[in-house]
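Undergrad: Take a look at the letters that make up each chain.
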Amino acid sequence: MTKLKIEDLDKIAEDVRRKMTIREGGGKVKITVHMGTCGIAAGARTVMSAFLNEIDIHNIKDVIITTSGCAGLCSKEPMATVEYGEQAPVKYIELNETKVKKIFDDHVLKGKFVQEYALAIGSERIQ
Amino acid sequence: MKNYRLQLMVCAGTGCVSNHSFEIKDALENAIGKHNLQNEAQVVLTGCNGFCGAGPILVVQPDNIFYQLLKPTDVPLIVEEHLVKGRPVKKFMYTPPAEKNPIPKMSEIPFFADQTLIALRNRGMIDPENIDDYIARGGYKALAKVLSSMTPDEVLQEIKNSGLRGRGGGGFPTGVKWETCKHAHGDERYVICNADEGDPGAFMDRSIIEGDPHSVIEGMIIGAYAIENVRQGYIYVRMEYPLAIKRFQIAIEHAREFGLLGNNIFDKGFNFDIEVRRGAGAFVCGESTALMASIEGKPGEPRAKYIHTVEKGLWDKPTCLNNVETWVNVPQIILRGAKWFSSIGTGDVSVDAWGGSKGTKVFSLAGKVNNTGLVEVPMGITLRDIIYKIGGGIKDNKKFKAVQTGGPSGGFIPESMLDLPVDYEELTKVGSMMGSGGMVVTDEENCMVDMAKYFLKFTQEESCGKCIPCREGTKRMLDILENITIGKGTEDDLVLLEELSNMIVESSLCALGGSAPNPVLTTLKYFREEYEVHVKDKKCPAHICSQLNTYSIDEKLCLEIGHGCDVCKKYCPDGAIIGERKKVHYIEPAKCSKCGACYDVCNFNAVKVQ
Amino acid sequence: MEYNAAEVAREISNRWGNLPENIIEMMHDVQTKLNYLPKDVLYEVSHVASVPISKIYNIATFYNAFSLKPKGKYRICVCLGTPCHALGAPRVINALERELGIKCGETTKDMKYSLEITGCVGTCGLAPVIVINEDLFGPIPVSGVSKLLKKYEK
Ligand SMILES: Cc1cc2nc3c(=O)[nH]c(=O)nc-3n(C[C@H](O)[C@H](O)[C@H](O)COP(=O)(O)O)c2cc1C
Ligand code: SF4
Ligand code: SF4
Ligand code: FES
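Protein chains in written order, with this note's numbering: chain A, 1 to 127; chain B, 1001 to 1610; chain C, 2001 to 2154.
No lab work stands behind these hints, which were simulated from the structure alone.
Accuracy of the hints is not assured; some may be wrong.
[As the list claims (entries may be wrong)] DEER-style ranges, computed between Cβ atoms:
| # | chain 1 | residue 1 | chain 2 | residue 2 | range |
| --- | --- | --- | --- | --- | --- |
| 1 | B | K1091 | C | K2151 | 27 to 33 Å |
| 2 | B | K1145 | A | A88 | 37 to 43 Å |
| 3 | B | R1528 | C | E2097 | 32 to 38 Å |
| 4 | B | K1488 | C | K2109 | 57 to 63 Å |
| 5 | B | G1262 | C | E2011 | 22 to 28 Å |
| 6 | C | K2069 | B | T1073 | 39 to 45 Å |
| 7 | B | P1076 | C | Y2152 | 28 to 34 Å |
| 8 | B | L1069 | C | P2070 | 36 to 42 Å |
| 9 | B | G1575 | C | P2070 | 30 to 36 Å |
| 10 | C | E2106 | B | K1488 | 26 to 32 Å |
| 11 | B | R1581 | C | K2109 | 28 to 34 Å |
Backbone N, C-alpha and C fix where the C-beta goes; we use that ideal spot for every residue, glycine too.
Chain A with its partners taken away, still in its complex shape (with noise of 0.2 Å):
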């Protein structure tokens, strides 16, 4: 190791903030895919695994994912609900690799939720 400027603070702080981000459990945005029995069934796994791979490729240190027991609404598995900020947690349904890259691309990366993925905004208000 090489003696520190004072600049390398922060890309040392910046090389693990994400890792920081998870334990103080900040971070802008929050992915909660749902991992009941069905959910895992329907390829929950594959969904989470795709979040996490866009997170590699942007190279994303504000977002957190965490898991979820069902959701109760296994005919509509895989499901994930993301929250952006302040805004409203949005639930996605039905998702496959393809339906999570747009999400990330638009939802979780700029704010805008993808309506035609969507099954409701807010917690549990079916609409």
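Starting from the known structure of chain A, arrange chains B and C with the ligands on it as the hints suggest.
TA: Here is chains B and C with the ligands on its own, set in the frame of chain A:
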């Protein structure tokens, strides 16, 4: 670097390690491998979480779920249910005493929720052996700020304005100490971190070092810069803390590799380095002059302080000694400002440096309280809030008796004073002191005479023997207390105890002797009736002083439940127990020496004390 | 334990730069390595580090960490910090004395166990605490003592 989605924070403080937290780590890694989650979940070893009674502890982030009292065999279920399926496992969560439902989130557990973290801000958040983690939480930013944009005098002024006072016991204003050292005569100075933590029942410093060693180091570097002409610092750690010593050594090495210690730090032409020195099991070495003698390789005997150590300390050079917690506060004050710091706490320090207690104080809450562990609270909070809100009240619903603060130099505070705010001056007024932060709760089953005797025995054994009031005076006091606990005390003894105490307080060379009588004085003051029962009725109300007890065997329990198991007879050193297997046993009072062995060994509670 | 006094002394003294002021650290290393401070090693250390033997003995007797007598294979240290005391450590000591047949500060004849008191080890949440060599146990109530010792019976 992998983009994990989960951080599994396993506590690796001394308490949790002794409860096999490393096995939890191995089990986690195993199970993660089985479920193919190694790219999603990372296991991190953290420092002490301060909730040691609940160890081993695992916190799953970002969900903030707190698991406690884990066994390696519990781990696969957690991984499968929580990590894979997103269903946190209730049965391993914390349930407050007297409640039914567990609290999943760490931040909602009252023990954690009611704390204010400055000194412990990184606890459970970083891997203490990884300097990058510390930097990611803003570490060494204060140092960068100081070296690039502040003069030593400005740093000093900031610390003075903050109102920070020493956390090692005396509460001496830190800025004033630095200033005196800075202006003392001499061209070479030292800074020292006091990590001797001798107060039996205190573990704040251990936990800080184990969990966040770099913050101590950063504080010391900043101090060295402000005081000027300091090239070398020492950290004096008690040898009973092997893990803390190791963490310090690793942290120092990493800091050196990064050029944060050594020559020309951050290319700003500032040089400073730190070495660790191990204590050798002497309480008196926490005292400034004794500590310095010990670092010089001598027996740790205090010297009279006509000349203070800030003028003539280590190797007769001006030396600034501060406690671990004091140093840890420094970077935060620099980063967030003196104003922010002094907005927390009591009093006003803008005119008089002794005029208030600012910031937070870390206490190690232990003894007969439900939640034992480390708590960091703003100055000014009441003792009641600490013990009942954060500590969760008294164990087993017993009745509170007294809380002891300040260790061997402090005193016992009774129920009627629990609404006292935590503040240097307030605690001193009632005969105790803030001390370094030990806070031991006692209940109705503790005997106050016995507790006073315990502390006196401690100081008596730890007295270095250099001056007579301390060496002989505490010995005499101990003799008297011994007599009282075996039923040979008289009412005159109580008066004599007070006289001796005052004499020792006034004439001892160092503060060890000077404060040694405090536990006796406060118990005499607030629990005099307990002493009186000992000397007049020759009884110990809590049944702790075994010589004042009468032991007998409950025939029914012995025969029907214990079936005359005969164990007590084997252990009785005096042959005072009569009986044979499967028959009722009796104690022959004339032979019984009241050692209490039978009471301890009977598995059926058949031996009774009165 | 077999050792060569001169070698042990030289190695440890070198580690601390042969500086007299580091004598306490050197003695720590001897104590850790051999479990006590043998006379011959101390004389050798005195020689290589240029510290008078009288001073070494002064230090050895002042600090609790050092022992001039050999200790048992297992050093059982009972914590006597305040919380441990309040939660019954004195009775735990009595129980250990009974089980081992020795008093505090003594070593069993077969050199297997030494019984000692230690200052607070800082894990008061686990009171009463017992440390055996490097391993820490707690809470160990009076009734848990014989079970704990069984771990070492082999
Ligand atoms: C007998 C005795 C033991 C002490 N033990 C400690 C100790 O273990 N840790 C500590 O920080 N200060 C201890 N002190 C207080 C120190 O002498 C000194 O005041 C303190 O370390 C200064 O740091 P501070 O101003 O940051 O509190 C002790 C004092 C005495 C008289
Ligand atoms: S007061 Fe006690 S510890 Fe302090 S110098 Fe005197 S004898 Fe030693
Ligand atoms: S140990 Fe208890 S049950 Fe057994 S003989 Fe003694 S008193 Fe009776
Ligand atoms: S050692 Fe784990 S919480 Fe203290």
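Undergrad: Identify every previously stated hint that the structure contradicts and give their numbers, smallest first.
TA: Of the numbered hints given earlier, the structure breaks just one, which is hint 4.
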